[in-house]
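As given, the protein sequences belong to chains L and R, one line each in that order. For the first sequence, position 91 matches number 91 in this note's numbering, and the numbering has no gaps at all. Quick note, this note's numbering runs 1000 ahead of the 1-based positions in the second sequence.
Note that these hints are calculated values from the structure, not bench results. It cannot be assumed that every hint is accurate.
Simulated crosslink set (BS3-like; lysine-lysine; CA at most 27 Å straight-line) [to be verified]:
1) L:68 <-> L:54
2) R:1062 <-> L:99
3) L:99 <-> R:1016
4) L:99 <-> L:54
5) R:1062 <-> R:1078
6) L:5 <-> L:99
7) R:1015 <-> R:1071
8) L:37 <-> R:1062
9) L:56 <-> L:71
10) R:1015 <-> L:99
11) L:5 <-> L:71
12) L:68 <-> L:5
Quantities reported herein were computed from a predicted structural model and do not represent experimental measurements.
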Amino acid sequence: DQQVKQNSPSLSVQEGRISILNCDYTNSMFDYFLWYKKYPAEGPTFLISISSIKDKNEDGRFTVFLNKSAKHLSLHIVPSQPGDSAVYFCAAGGTSYGKLTFGQGTILTVHP
Amino acid sequence: EAGVVQSPRYKIIEKKQPVAFWCNPISGHNTLYWYLQNLGQGPELLIRYENEEAVDDSQLPKDRFSAERLKGVDSTLKIQPAELGDSAVYLCASSSNSGNTIYFGEGSWLTVV
């Protein structure tokens, strides 16, 4: 039972354009959502988060959008840079849930 | 401030041998997690500690895996005996509170041959 899904295994984007990574979840008890970035041979690094009381959170080039009715979140990166090339994981959890559940990841490649 | 520290970074062992991984969480973080990451997959929780108590070990294969966090700080994860299918990355993470942002170490990469 995969409660958090990233349906696109990979995404290729030109430098300077927008990258949009998507994530769907099924458990309505999730109230906290995060994105992590992972470079090869490193652990995942926290990128940005959003709680269920908001529908948008912005941090520099990164914006996370949450659509609770659709149980969908997305990460927008504008403008995309080659250094953004990595695997991106979405995760969901919350104080009542006690742990984070991760999606399978999306490999983002930003071409110069 | 130091992040989550794990050792060893890489380990190659023969099947049926034991292996142990060590983790030191971020100072002041009461919650510690061990996650397993297989190639091409997201991290999956093995065990979660609140201080020294294991509050969620439902996904830990208890026939061969064990973990401890005796003083509520450092933790070790042991596999005995290791099987070929245990080849994966073992990630330790910590957080100030359960269910909120967790911070990962660099992982311990295990290859069982």
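Right, here's what the structure says about each hint:
1. Taking the CA atoms of residue 68 of chain L and residue 54 of chain L, the gap is near 9 Å; set against the 27 Å cutoff, the hint holds.
2. This hinted pair checks out: residue 1062 of chain R and residue 99 of chain L have alpha carbons roughly 20 Å apart, not beyond 27 Å.
3. For the proposed pair residue 99 of chain L and residue 1016 of chain R, the alpha carbon gap of about 31 Å is over 27 Å, so the pair is violated.
4. Taking the CA atoms of residue 99 of chain L and residue 54 of chain L, the gap is about 20 Å. The hint holds against a cut of 27 Å.
5. Distance restraint check for residue 1062 of chain R and residue 1078 of chain R: the Cα-Cα separation of roughly 10 Å lies within the 27 Å cut-off, and the hinted pair is therefore satisfied.
6. Our distance criterion of 27 Å between C-alpha atoms is met by residue 5 of chain L and residue 99 of chain L, whose separation comes to about 16 Å.
7. Restraint check for residue 1015 of chain R and residue 1071 of chain R: the C-alpha separation of about 31 Å exceeds 27 Å, so the hint is violated.
8. As the CA atoms of residue 37 of chain L and residue 1062 of chain R are separated by approximately 31 Å, the hinted pair breaks the 27 Å bound.
9. For the suggested pair residue 56 of chain L and residue 71 of chain L, the alpha carbons sit about 14 Å apart, so the restraint of at most 27 Å is met.
10. Straight-line distance between C-alpha atoms of residue 1015 of chain R and residue 99 of chain L comes to about 31 Å, which puts the hinted pair past the 27 Å bound.
11. Simply put, residue 5 of chain L and residue 71 of chain L have alpha-carbon atoms about 11 Å apart, close enough for the 27 Å limit, and the pair holds.
12. For a cut-off of 27 Å, the pair hint linking residue 68 of chain L to residue 5 of chain L stands: about 15 Å separates their Cα positions.
Consistency note: the structure conflicts with the earlier hints numbered 3, 7, 8, 10.
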